[in-house]
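K.L.:
Residues per chain, in single letters:
There are 2 protein chains.
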Amino acid sequence: MEDKSEWEEWEVRISYKPGVQDTEGESTLKGLKVLGFKGVEMVNTAKVFRIRGEVRRAEIEEMCRRLLANPVSQDYEIIRLR
Amino acid sequence: MEDKSEWEEWEVRISYKPGVQDTEGESTLKGLKVLGFKGVEMVNTAKVFRIRGEVRRAEIEEMCRRLLANPVSQDYEIIRLR
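Listed in order, the protein sequences are those of chains A and B.
Note that the working numbering has the first sequence beginning at 249, numbered continuously upward.
Note that the working numbering has the second sequence beginning at 249, numbered continuously upward.
Hints are supplied without guarantee of correctness; some may be wrong.
One copy or any two copies: either way a pair holds, since identical chains are not told apart in the list.
Heads up, simulated BS3-like pairs for lysine-lysine below, C-alpha to C-alpha not over 30 Å straight-line [unchecked claim]:
no.: 1; residue 1: Lys295; residue 2: Lys278
no.: 2; residue 1: Lys281; residue 2: Lys295
no.: 3; residue 1: Lys265; residue 2: Lys278
Since the hints were derived computationally from the structure, they do not count as laboratory data.
Keep in mind the model is a prediction, meaning the values are calculated, not measured.
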């Protein structure tokens with residue numbers, strides 16, 4: 249039987265590289281202005297994946313390169329939670 | 249002239265409520281398995297908005313309720329960065 253207490257837990261944050269257009273952030277900014285939030289000046293977005301299992305950091309990095317992030321336009325940050 | 253050093257900066261994290269299907273997490277898990285990452289057991293996703301401007305916490309909460317989160321299926325967490 250699997251012992252889930254031994255699972256590792258990682259958080260991967262995918263964000264746009266500097267200079268790459270964050271279209272969702274831009275449209276969110278416009279939407280907030282339309283709703284009357286006049287003070288908001290900038291919105292950026294990022295995606296978070298929380299990954300659990302028997303996985304080592306090297307595998308998480310490989311996941312980022314092969315599936316989670318677009319290496320041309322996105323950066324990734326890996327944090328070990330458990 | 250606007251003094252950007254006085255801008256506030258907030259981070260809003262939108263995640264699915266417990267029991268709500270995280271379809272992107274599920275399809276990411278399947279994709280990772282197909283790629284050969286056998287040890288991964290669970291993937292959850294969340295969305296992060298980083299918001300800058302002259303905005304108070306009460307406004308950030310209103311943004312979450314009105315635009316950023318779906319109150320039926322999503323929770324939001326607000327962190328002040330600056």
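K.L.:
State for each hint whether it applies.
P.N.:
Consistency of the hints with the structure:
1. Lys295 x Lys278: Both ways: lysine 295 and lysine 278 sit 20 Å apart in one copy and 18 Å across, limit 30 Å.
2. Lys281 x Lys295: This pair counts as both: shortest intra-copy Cα distance 23 Å, inter-copy 20 Å.
3. Lys265 x Lys278: both (21 Å within a copy, 27 Å between copies)
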